[in-house]
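Could you fit the two chains together into a complex? Lean on the hints.
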Amino acid sequence: MTSLPGSGLRVALFATCFNDTMWPETPRAVVTVLERLGVSVDFPLEQTCCGQMFTNTGYAREALPLVERFADVFEEYDAVVAPSGSCVGSVRHQHAGVARGCGRPALADRATAAAGKVYELSELLIDVLGVTDVGATFPHRVTYHPTCHSLRMLRVADKPLRLLREVRGIELVDLPEAEECCGFGGTFAMKNSDTSVAMGADKAQHVRETRAEVLVAGDNSCLAHIGGLLTRQRSGTRVMHLAEVLASTERDFAAANELGGPPYAAGARDGREATA
Amino acid sequence: MSGTFLGMPSFQAAAKEALGNAQQRRNLEHATRTIRGKRAQVVAELDDWEGLRRTAAAIKDNVLTHLDSYLLQLEESLTRAGATVHWASDAEEANRIITGLVRATGTDEVVKVKSMATQEIGLNEALEEAGIRAWETDLAELIVQLGHDRPSHILVPAVHRNRAEIREIFLREMGQVGAPPPAVLTSDPRELAEAARVHLREKFLRARVAVSGANFAVADTGTLVVVESEGNGRMCLTLPETLISVVGIEKVVPRLEDLEVFLQLLPRSSTGERMNPYTSTWTGVTPGDGPQDVHVVLLDNGRTDALADSVGRQALRCIRCSACLNVCPVYQRVGGHAYGSVYPGPIGAILNPQLRGTTSEVDQSLPYASSLCGACGDVCPVGIEIPDLIVHLRTRVVDEHRGGVPSGEQLAMKGAAWLFADHRRWEKAQKGAELGGRVLGGKDTIGRLPGPLAAWSDARDAPTPPAETFRTWWKREKGGRR
Numbered sequence: 001m002t003s004l005p006g007s008g009l010r011v012a013l014f015a016t017c018f019n020d021t022m023w024p025e026t027p028r029a030v031v032t033v034l035e036r037l038g039v040s041v042d043f044p045l046e047q048t049c050c051g052q053m054f055t056n057t058g059y060a061r062e063a064l065p066l067v068e069r070f071a072d073v074f075e076e077y078d079a080v081v082a083p084s085g086s087c088v089g090s091v092r093h094q095h096a097g098v099a100r101g102c103g104r105p106a107l108a109d110r111a112t113a114a115a116g117k118v119y120e121l122s123e124l125l126i127d128v129l130g131v132t133d134v135g136a137t138f139p140h141r142v143t144y145h146p147t148c149h150s151l152r153m154l155r156v157a158d159k160p161l162r163l164l165r166e167v168r169g170i171e172l173v174d175l176p177e178a179e180e181c182c183g184f185g186g187t188f189a190m191k192n193s194d195t196s197v198a199m200g201a202d203k204a205q206h207v208r209e210t211r212a213e214v215l216v217a218g219d220n221s222c223l224a225h226i227g228g229l230l231t232r233q234r235s236g237t238r239v240m241h242l243a244e245v246l247a248s249t250e251r252d253f254a255a256a257n258e259l260g261g262p263p264y265a266a267g268a269r270d271g272r273e274a275t276a
Numbered sequence: 001m002s003g004t005f006l007g008m009p010s011f012q013a014a015a016k017e018a019l020g021n022a023q024q025r026r027n028l029e030h031a032t033r034t035i036r037g038k039r040a041q042v043v044a045e046l047d048d049w050e051g052l053r054r055t056a057a058a059i060k061d062n063v064l065t066h067l068d069s070y071l072l073q074l075e076e077s078l079t080r081a082g083a084t085v086h087w088a089s090d091a092e093e094a095n096r097i098i099t100g101l102v103r104a105t106g107t108d109e110v111v112k113v114k115s116m117a118t119q120e121i122g123l124n125e126a127l128e129e130a131g132i133r134a135w136e137t138d139l140a141e142l143i144v145q146l147g148h149d150r151p152s153h154i155l156v157p158a159v160h161r162n163r164a165e166i167r168e169i170f171l172r173e174m175g176q177v178g179a180p181p182p183a184v185l186t187s188d189p190r191e192l193a194e195a196a197r198v199h200l201r202e203k204f205l206r207a208r209v210a211v212s213g214a215n216f217a218v219a220d221t222g223t224l225v226v227v228e229s230e231g232n233g234r235m236c237l238t239l240p241e242t243l244i245s246v247v248g249i250e251k252v253v254p255r256l257e258d259l260e261v262f263l264q265l266l267p268r269s270s271t272g273e274r275m276n277p278y279t280s281t282w283t284g285v286t287p288g289d290g291p292q293d294v295h296v297v298l299l300d301n302g303r304t305d306a307l308a309d310s311v312g313r314q315a316l317r318c319i320r321c322s323a324c325l326n327v328c329p330v331y332q333r334v335g336g337h338a339y340g341s342v343y344p345g346p347i348g349a350i351l352n353p354q355l356r357g358t359t360s361e362v363d364q365s366l367p368y369a370s371s372l373c374g375a376c377g378d379v380c381p382v383g384i385e386i387p388d389l390i391v392h393l394r395t396r397v398v399d400e401h402r403g404g405v406p407s408g409e410q411l412a413m414k415g416a417a418w419l420f421a422d423h424r425r426w427e428k429a430q431k432g433a434e435l436g437g438r439v440l441g442g443k444d445t446i447g448r449l450p451g452p453l454a455a456w457s458d459a460r461d462a463p464t465p466p467a468e469t470f471r472t473w474w475k476r477e478k479g480g481r482r
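Chains as they are written, first to last, in the numbering used here: chain A, 1 to 276; chain B, 1 to 482.
Bound conformation, chain B alone (with noise of 0.2 Å):
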């Protein structure tokens, strides 16, 4: 599976790409509107969702101004409770740690709960190098996993599959990593889900390790948190005898209390249901039952750099439910993989650029692929002002290149902002739009624009100046009032 996303073309190219896949349009299309719809039904029951979001974006701030002393005490707390502590400064260090552990158990294959952290660090990638094998369990990741795909959702990782594609994935696949598909096998969903069980049952059978993420991690107990839909996870989280669990840093919350206003946003924000099926949490080790030897890894992976810029950090309070996903214009037509990462959509157009730098390609494309529409900053359960933190790094990576050889659009901005700053060089050049105006006739709109400006013009008729500005009509009618 290529999980790597390096050496991405930008945004743009890869969503010119993605927007002529029918299929997958069709795919994302169906499957944001279902979700969507279910999300605002079931957050219009509450009668205080607004209130939910202040106080969960609060929770979330405290432990990000405080997160030192915050994550000490989780350190101590998980230590009390028997779990080994691993700190992790970015991906390579977290992927030697995890690989040093598992191969100090003696096995070679490791079962996987749903994490975003291990899809961020590449950590199938970096236990295939080291001749280990991961099994993802969570049933999307599955189907992504043997399809040798990318994810494209938070949420649902394989969203840009429907029926027919999975089942023709399972019954070319399977057979060769595990037990098969019946030899008989439809797109029913049900049939597809029973074919995955009996795959999967097999695995969580034979494994001895099992590496998972962490929806929240309780600093004052040291418990860690998992939500999740299918009971996959914690077949994971309680059969085998070593439980590793990498876990990013801002997944802090300060006591077991503030789970309450997590866990009655957090469902109802990404699957759209009042409860999750399968909440599971643990601490540390509880001697005769479950796993015995259990290990955090707290991972950072560019997340203190976030937390430096001011305005950028409240993107840390991200809980990954991925509303923004669904309700995002953009990330509906064009789906997951053009963000070249695990984080695609408005979070992803915010999180990747802060987590990784704005030095590739990629990301400084990214905080452009919005419309600033805000659909994203309203649906958000913590509050996260997205489209504001769009523009934020949008300044950012203009910054970053100025001092060189100006652009095209370096120039065509600095001569607009020269034009504006003075109203009497503004109507100057409004008299060269009027003249085009009077040359163009009678004609409202023109179908070719030349350089440039044909990226309107491809698809989209231009509107042409009118012979006459509102400001020279206001004079000549109404100049004696001011």
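This is chain A alone, in the form it adopts within the complex (with noise of 0.2 Å):
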């Protein structure tokens, strides 16, 4: 293999605040996976956030000096990347506008090309890169939650699913009423934590239909969400962020089988490990 489909290609990881945080395993394996493919992955320290949070709450003259910094963060790269189909959402359907509505029309031209640039994983993979097979394994049962962000938003349609079905040994089951919200919404989750969990338990039942061992998912907010309802009823079914299950290879399941436990796993984060 002299040529690797992402030979040549310069990506800057958005690792997304929350990613970058709460769940490093998401970002490290984006990098896992951009690197095994040959492409050079740079992480530009300054970014922070996307703002997301607070254009959607109301607050966007707050946002408005982190869509300026993504800009100056982004702008020089040819792509960059980011593992949640929610917050390429937001830069690429509300930067130019937070920035219009706070009367900075220049900065809201450099936003809408900054945007043009900005993929979530599996539009790189698949329209920059061209690859669903990405090498990766892993002998689960897995069923697929289309985020909303993902689906409606940016309209990636089935490509985290074509990048799962090349998974070596993945069993994949359709999870019922797919496409309807799983009741996260950002602060909604909060601000209308009753209705959030209603949207959620139903979700969370659909999942466990599927009799599946992962949940998987391009956005760890709405697995959080998910997830946190699925443990809190004990299911014994786990979540996981699509770059994780496309990061796994075979070699990582010999080494976490004498470890006794599968690799990016609940309980097996390397963070912890390496400090514990």
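What the hints contain is simulated information worked out from the structure, not anything from laboratory work.
Be careful, since some hints might not be right.
[Unchecked claim] 30 Å max Cα-Cα, derived DSS-like pairs, lysine-lysine:
#1 B/Lys414 to B/Lys428
#2 B/Lys478 to A/Lys117
#3 A/Lys191 to B/Lys428
#4 B/Lys431 to B/Lys478
[What the hints assert, rightly or not] Using C-beta positions, here's what the derived DEER-type ranges look like:
#5 B/Glu128 to A/Ala106: 30 to 40 Å
#6 B/Asp68 to A/Gly8: 56 to 66 Å
#7 B/Glu260 to A/Gln205: 39 to 49 Å
#8 A/Thr132 to B/Arg190: 29 to 39 Å
The beta-carbon is built from N, C-alpha and C at its ideal position, and this holds for glycine as well.
Structure representation (structure tokens):
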């Protein structure tokens, strides 16, 4: 294999503030997958947050400096990847509007240009690199939840499923009512927690109907909500980001079997083990 | 009937109560799921649904941009056709005009065609105060009225009721206000419909005044259009001597040909039918045929306020199909009453705060009654970007609260924005998370969170932070690269 699909490509990773802090295993998995495909990955340290939480709660003025920071940090790159449909959705669909609404038309133009280079992970893999088989192995029964913003804001359609179908050993089962919102909705989960939980309870029920071991999605925020319900119910089903499934290889399983558990799984966070 | 929503609690509080109503949730889930499936099927039959949507949006946007001239044209056409045009700036003025018109006929009752505009202005209550009884003739509105209930859906206002409940309402209430139901009545829909038919027939034949709304008002001909399923509307529109129609000023379309677009979009989006059973059109007075005394009340009631908002005005494209309600996961679970308005669901979340303003607790809470899942925007037949408008109105609510003593939320948002404004600050904050992760050791989730965070942990375990952020790992492992 002399030429890998990503050879010569320099991609900036936008980890997203949530993943950077709470789920580092996800951006690490993105690095693993992309480097395996020959991509050179950068992580500009000046990045913080896309501002989605502020924008969607009504705090556009607080989001504005983050819109500017995003353009400052990422506009020099040819391509930017983020493991979150929701954050990419905010960059692509909201950044220019926030700038315009705050009376910054020049920034709106910069935001539009920067947003044009930002891809959600499945988009980068399929649309830019042209691969569906990323060389992953994941011998588990899996069901996939298409998150609302990846589905209806980014229109990724079946791209994540096309990637999952190529994973060695995977048993992929359909999730009933898959396209219905899980009820997370950012601050909606707190402001309207009762309705959010009612929606999440139905989603969790559908997940359990599939008898999958692992629920996979492209947004850890939605997974925290559904997963929080599943663990509260002691359901025995775990949640996992798409990137982590795609990063898993046969070698990981061989190593993990010796340690007595699968890699990247709940309870086996590398960062935590490093300090244990 | 209590049709007024003043003093309604915020959406959050009302939703909590509604979520506990098991029967209602069952009824709503069944009804919305059924109608959602029917809609998807008939929409898929058309080759160019997107083209129709775009055309409809363009027609409506043109009307909204030139609303002043289209309204004057409509007034001229209506007057030429023998109708009398009245202008009402708000609900009170509209109710005063209509009450006066009914009184002038010397009657003390009216029959009503299902109409959102008259629900919006609380006409029934205003007439009742003036000693005039208003009889709803749409089957679902009749159920709501007889049940001393409030509508919970734009198209099917009794969607929260099932057959057994309707039977019980008919048996208890019908005889007190007119022809009673048969002594033996089952919950078979045909029997229930027959009971309503007999009950309403008496009122149709007696009534001298009818009140309607209109789905469309054609500017160049002065033609009003009512789209319905039961034919009860047509009875009202043809039998009485006097017909009073309350029409929101955004209902204008320029030409009769424009109906071609809307009459394809509306039934498919609302009832999931290719075509609705009854489409009635009338142009002023036709001598010797139908009502000879025809009035049209053009209603503003906050619409020009919405028009003044260059982003928010999109909501005035709405043709009241209720597709956004049927597809909304929040509406499906909570139902319509929690929205505190005759306009519930996603369209209610963007329409009410614009028509009524954002001074009340409920109107401030409505833009937050959404998980921003985007399903509503996808089905809207006139292409209203509902999620974007929801965010827009949240921004308005937040901005209106700036300047006073900051709330907990405002402080939290300001604090978070300050942290994110500089990556070095943000990294320091992350160190705290890492410390927390180390303290919590091997725990992946936590069951109880303190203070306001309990809203999360009451029903959901919460994730714990890892001992090492991605950033720390990157610096250690790949630091030389960047």
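Results for each hint:
1. B/Lys414 to B/Lys428: Satisfied, since the Cα-Cα distance of roughly 17 Å is no more than 30 Å.
2. B/Lys478 to A/Lys117: holds (24 Å)
3. A/Lys191 to B/Lys428: holds (28 Å)
4. B/Lys431 to B/Lys478: Roughly 19 Å between the alpha carbons, so the hint for B/Lys431 and B/Lys478 holds.
5. B/Glu128 to A/Ala106: 30 to 40 Å: 58 Å Cβ-Cβ, so the 30 to 40 Å window is violated.
6. B/Asp68 to A/Gly8: 56 to 66 Å: holds (59 Å)
7. B/Glu260 to A/Gln205: 39 to 49 Å: holds (44 Å)
8. A/Thr132 to B/Arg190: 29 to 39 Å: Given range 29 to 39 Å: violated, Cβ gap about 54 Å.
Violation of the numbered hints given earlier is confined to hints 5 and 8; the remaining hints are satisfied by the structure.
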